[in-house]
Amino acid sequence: MQIATWNINGVKARIETLLAWLKEAGPDIVCLQEIKSVDDQFPRLEIESAGYHVETHGQKGFNGVAILSRTRPDDVLRGLPGDPADEQARFMEAVFSTRRGAVRVASLYLPNGNPPGTEKYPYKLSWMKRLERFAAERLALEEPTVLAGDYNVIPEPRDAKNPAAWTGDALFQPESRDAFRAIEYLGYLDAVRAVTDEQVFTFWDYQAGAWQKNNGIRIDHVLLSPEAAGRMRAARIDSHVRGWEKPSDHVPVIVDLDL
DNA sequence: ATGGCCGGCGCAGCCGGA
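The first sequence runs 1 to 259 under this note's numbering.
Read the hints as simulated data drawn from the structure, not as lab findings.
Treat the hints with caution; some may be incorrect.
In silico PhoX-like links for lysine-lysine, alpha-carbon gap of 20 angstroms or less [to be verified]:
1) K246 - K12
2) K246 - K23
3) K36 - K12
4) K246 - K36
5) K60 - K129
6) K246 - K213
7) K60 - K36
8) K12 - K23
9) K161 - K129
None of these values were measured; they are calculated from a predicted model.
Work the whole structure out from these sequences, hints included.
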């Protein structure tokens, strides 16, 4: 079972690119972030025609997440628990039946948090604390759980082409990195880091020829509970998609689980 | 990563992104 995450940067502007990648890669489940669409305007018909069920959690203008899947989920949760006042559409979870039992898949779009010194940064850190609590609760179920998305965290210096340039940025602040590591230390595996020690990226800015210079960062991650990690066959980043027409600035990250 | 962009909203230019 192939499970992917991709910050699509506007699903309506990106529908042709998305359909081309679905056809090429044929994933079973796809977590999308930054759909920038309300639920009613999501390009549902095109994606259903490609053979996918669609569940969305959108809002007007920005943010928004979705989960596409070959089979219909048994259950869907919208919104990250822990703060009823949080209006931003950044999290959803779907539960699927497999021949080996249930798998839980979350699509998350963690706040950017820039610039530190504004209210955006504590919002990021409190959101991460809520995510840690959610991750701990799911861990207690002792079932395969996949936490996939745009974490907006550069975990280590080797996850940036030019780490010095990110000093002071919310994506690379010690508190952000600590909060990411705290979730790993609960018992979750960073799937891509488990399969390679190479410098690999998932995001290249549109500006200043970042893609051509390979000036990227690794901020899109798939974290696996022990029950999912034990079933991992492979993990990869589809970097070539960044070179397509009308690309997102992020590329898909895919894990293959024996489920 | 500091020169260079992009999508949404809505019809001009600003907001948000990373």
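Take a quick look at whether K246 and K213 sit within 20 angstroms of each other, Cα to Cα.
Judged against 20 angstroms, a Cα distance of about 18 angstroms means the pair holds.
Do the alpha carbons of K36 and K12 lie within 20 angstroms of each other, as the hint requires?
holds (8 angstroms)
Is K161 close enough to K129, meaning Cα to Cα at most 20 angstroms?
At roughly 28 angstroms apart (the allowed maximum being 20 angstroms), K129 and K161 break the hint.
Distance restraint between K246 and K12, which requires alpha-carbon spacing of 20 angstroms or less:
holds (12 angstroms)
Holds or violated: K12 and K23, Cα atoms, limit 20 angstroms.
holds (18 angstroms)
Under the criterion that the straight-line Cα-Cα distance not exceed 20 angstroms, is the pair K246, K36 satisfied?
holds (16 angstroms)
Agreement of K60 and K129 with the hint, judged by alpha carbon distance not exceeding 20 angstroms
violated (26 angstroms)
With the threshold set at 20 angstroms, check whether the alpha-carbon distance from K60 to K36 stays at or below it.
Between K60 and K36 the Cα gap is close to 7 angstroms, so the pair holds against 20 angstroms.
Pair hint K246 and K23, alpha-carbon separation not exceeding 20 angstroms:
holds (17 angstroms)
The structure fails hints 5 and 9 (numbered hints given earlier, in ascending order).
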